[in-house]
Amino acid sequence: VTSRQLLLGVEFLVLLACLALALSVIVSKVTRLNRENRTAIALAPVRGALIELAAGEPDGLPVLRGARGETAQAIDEAAVALLSKVRGEPATQLVAVLEEHGALERAKADAGHRSSVRRAHAVQLLGLARVGDSTALISEALEDEASEVRASAAYAASYLADPWLAAPLLRSVGVGEGIPAGLAADALLEMGVEIAPVLRAAMRNPAPRTRMVAAHVAGIGTFVQALPELRELIASDPDLTVRVEAAESLGLIGRESEVDLLARCTAVGVATDLRRASARALGRIGAPTALTTLVDLLDDSDRRLAELAAHALVQIGPRGVDVLEPRRDEPAVGTALALAQLKAGAL
Amino acid sequence: MPDGARVLIADDDPDIRDLVEFKLTQSGYAVEAVGDGLAAWESFQAQRPALVILDVMMPGLSGIDVLRKIRDSENGAVPVLLLSAKSRDSDVDTGFAVGADDYVIKPFSPRELLHRVNGMLARSR
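If you're matching them up, the sequences are chains A and B in order. Note that this note's numbering numbers the first sequence so that position 124 is 124, with each residue one more than the last. Note that this note's numbering numbers the second sequence so that position 120 is 120, with each residue one more than the last.
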């Protein structure tokens, strides 16, 4: 066998693999389109009743509940989609239809299915339908090996809003990239004040992502009980992202007593992101004791930091603005004063 | 009372379009439903609706883009309600800053939406 023949053989195999791949893509698209068409056809006679139910008119409820076979399956798919769009009584009625068709029981069983796609769908439905006794299943799903299942479980947790899910959710968000931090934060915020102890404990979790989410939620959700942990994170966390998030949160819920700590974090030599976050936080707190620190930052070589310091001085109020007025010609100061005037005009 | 007042709803989700259209039509409004921002802007100019409901994320022109165009137009004082899945405070702030009269977050209650529409129209008269 010559090298030319070998090369031709390899080329042929690559071509064959490409053709097989193209064919499989086409087949899967056609299959999906066919399935969608069949579902649309099965749904067509009852879609009006379903839309009316979602709009709060239950006249068609008996027809929808009584459907069987392909029609029931099509109704269930459409009802699940509608559950993410409407709330209140219409959502309750949609859940009643799903219950009648056995979809919720199937979802509970599918939460342990070997296919991760089935598990993810099942968990999502249990959340959307707010199936109260599914909390344990959602908790297990938050620790699933498949990232898509963990993400679905976080989504479900935001609907169930059960504080009991806060700990597994915070543990899970620290594992890999399965659960988007924003989704986890939104879910935790839905759970209310009861999660405060869990949040505080999570700020000592070994996973930086868990600490970051907990710090973020502590600020956005006004968990003032977590102030000691936030201070600790800013001062000594080994992860810069966590320290930055803690500084942002301290700006949201901190008082004048936090000024010293935040001022130290604006010092030369501290990481740029933390200096900027701390300057923003000083502005949000708005305490006049931060004046000297912020005025010094106006001359910093990091021009973005100087801009943030100027904005922070505006946020402090008349005393901050008085300091800025003589320096109005400096770009950072001029922009901050102009924005403040625009905002005052808009109000 | 609706008195057949004309309402324009723009949403790229046919389920939302259909259920809002049903709810408002049932309550006596004349509803024009479109599926994207450009169609919303064209319909707004042609129909001069008494109230507009805009989804924020739409293909082509977003709801925010359409709202800006409406506010800059001759009929710029028309009440506009934004209906969106974007639920963060900053999203709501942006909506109101651009000139929305109300902001409803999905998932929403169709009944509550109707009350808001009734209220906005009553205040605008």
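For the record, the hints were derived by calculation from the structure and aren't laboratory data. Worth double-checking, as some hints may not be accurate.
As the list claims (entries may be wrong) - Subject to a maximum C-alpha distance of 27 angstroms in a straight line, what follows is the list of computed DSS-like cross-link-like pairs (lysine-lysine):
| no. | chain 1 | residue 1 | chain 2 | residue 2 |
| --- | --- | --- | --- | --- |
| 1 | A | Lys343 | B | Lys86 |
| 2 | B | Lys86 | B | Lys106 |
| 3 | A | Lys343 | B | Lys69 |
| 4 | A | Lys108 | B | Lys69 |
| 5 | B | Lys86 | B | Lys69 |
| 6 | B | Lys106 | B | Lys69 |
To be verified - For each label pair, taking beta carbons as the anchor points, the in silico distance ranges come out as:
| no. | chain 1 | residue 1 | chain 2 | residue 2 | range |
| --- | --- | --- | --- | --- | --- |
| 7 | B | Val92 | A | Gly88 | 17 to 27 angstroms |
| 8 | A | Glu232 | B | Arg6 | 55 to 65 angstroms |
| 9 | B | Asp93 | A | Glu325 | 39 to 49 angstroms |
Stated by the list, open to error - Residues of chain A clear of chain B, computed beta-carbon distances all greater than 10 angstroms:
| no. | residue |
| --- | --- |
| 10 | Leu8 |
| 11 | Leu33 |
| 12 | Glu57 |
| 13 | Leu82 |
| 14 | Leu83 |
| 15 | Arg231 |
| 16 | Thr272 |
| 17 | Gly317 |
| 18 | Ala338 |
| 19 | Leu339 |
The beta carbon of each residue, even a glycine, is placed where N, CA and C say it ideally should be.
Quick rundown of the hints versus the structure:
Taking the CA atoms of Lys343/A and Lys86/B, the gap is near 24 angstroms; set against the 27 angstroms cutoff, the hint holds. Between Lys86/B and Lys106/B the alpha-carbon distance is near 8 angstroms, which keeps this suggested pair within the 27 angstroms criterion. With a CA separation close to 22 angstroms, the supplied pair Lys343/A and Lys69/B stays within the 27 angstroms bound. Note on Lys108/A and Lys69/B: the hinted pairing is violated, with a Cα-Cα distance of about 48 angstroms set against a maximum of 27 angstroms.
Only pairs whose Cα atoms come within 27 angstroms are accepted, and Lys86/B paired with Lys69/B is accepted, the gap being roughly 21 angstroms. Taking the CA atoms of Lys106/B and Lys69/B, the gap is about 24 angstroms. The hint holds against a cut of 27 angstroms. Separation of Val92/B from Gly88/A is about 20 angstroms and conforms to the stated range, judged on CB atoms against 17 to 27 angstroms. With their beta carbons about 59 angstroms apart, Glu232/A and Arg6/B fall inside the hinted range of 55 to 65 angstroms.
Between Asp93/B and Glu325/A, the C-beta spacing of about 28 angstroms breaks the proposed range 39 to 49 angstroms. Every CB of chain B is more than 10 angstroms from the CB of Leu8/A (nearest about 47 angstroms), matching its label as outside the interface. Distance check on Leu33/A: its Cβ is at least 17 angstroms (rounded) from any Cβ of chain B, clearing the 10 angstroms threshold; non-interface status holds. Taking the minimum C-beta to C-beta distance to chain B, about 7 angstroms, the non-interface status of Glu57/A is violated against the 10 angstroms cut.
With 10 angstroms as the threshold on Cβ separation, the claim that Leu82/A sits away from chain B is violated: the shortest Cβ distance comes to roughly 6 angstroms. Under the 10 angstroms C-beta cut-off, the non-interface status given to Leu83/A relative to chain B is violated; the minimum distance is some 8 angstroms. Non-interface status of Arg231/A relative to chain B is upheld: no Cβ of that chain comes within 10 angstroms, the nearest being about 25 angstroms off. For Thr272/A, the requirement that its beta carbon stay farther than 10 angstroms from each beta carbon of chain B is met, with the minimum near 23 angstroms.
Here Gly317/A stays apart from chain B, with its beta-carbon at least about 21 angstroms from theirs, past the 10 angstroms limit. The Cβ of Ala338/A lies farther than 10 angstroms from every Cβ of chain B, with a closest approach of about 17 angstroms, so its non-interface assignment holds. Residue-level check passed: Leu339/A sits 13 angstroms from the nearest beta carbon of chain B, beyond 10 angstroms.
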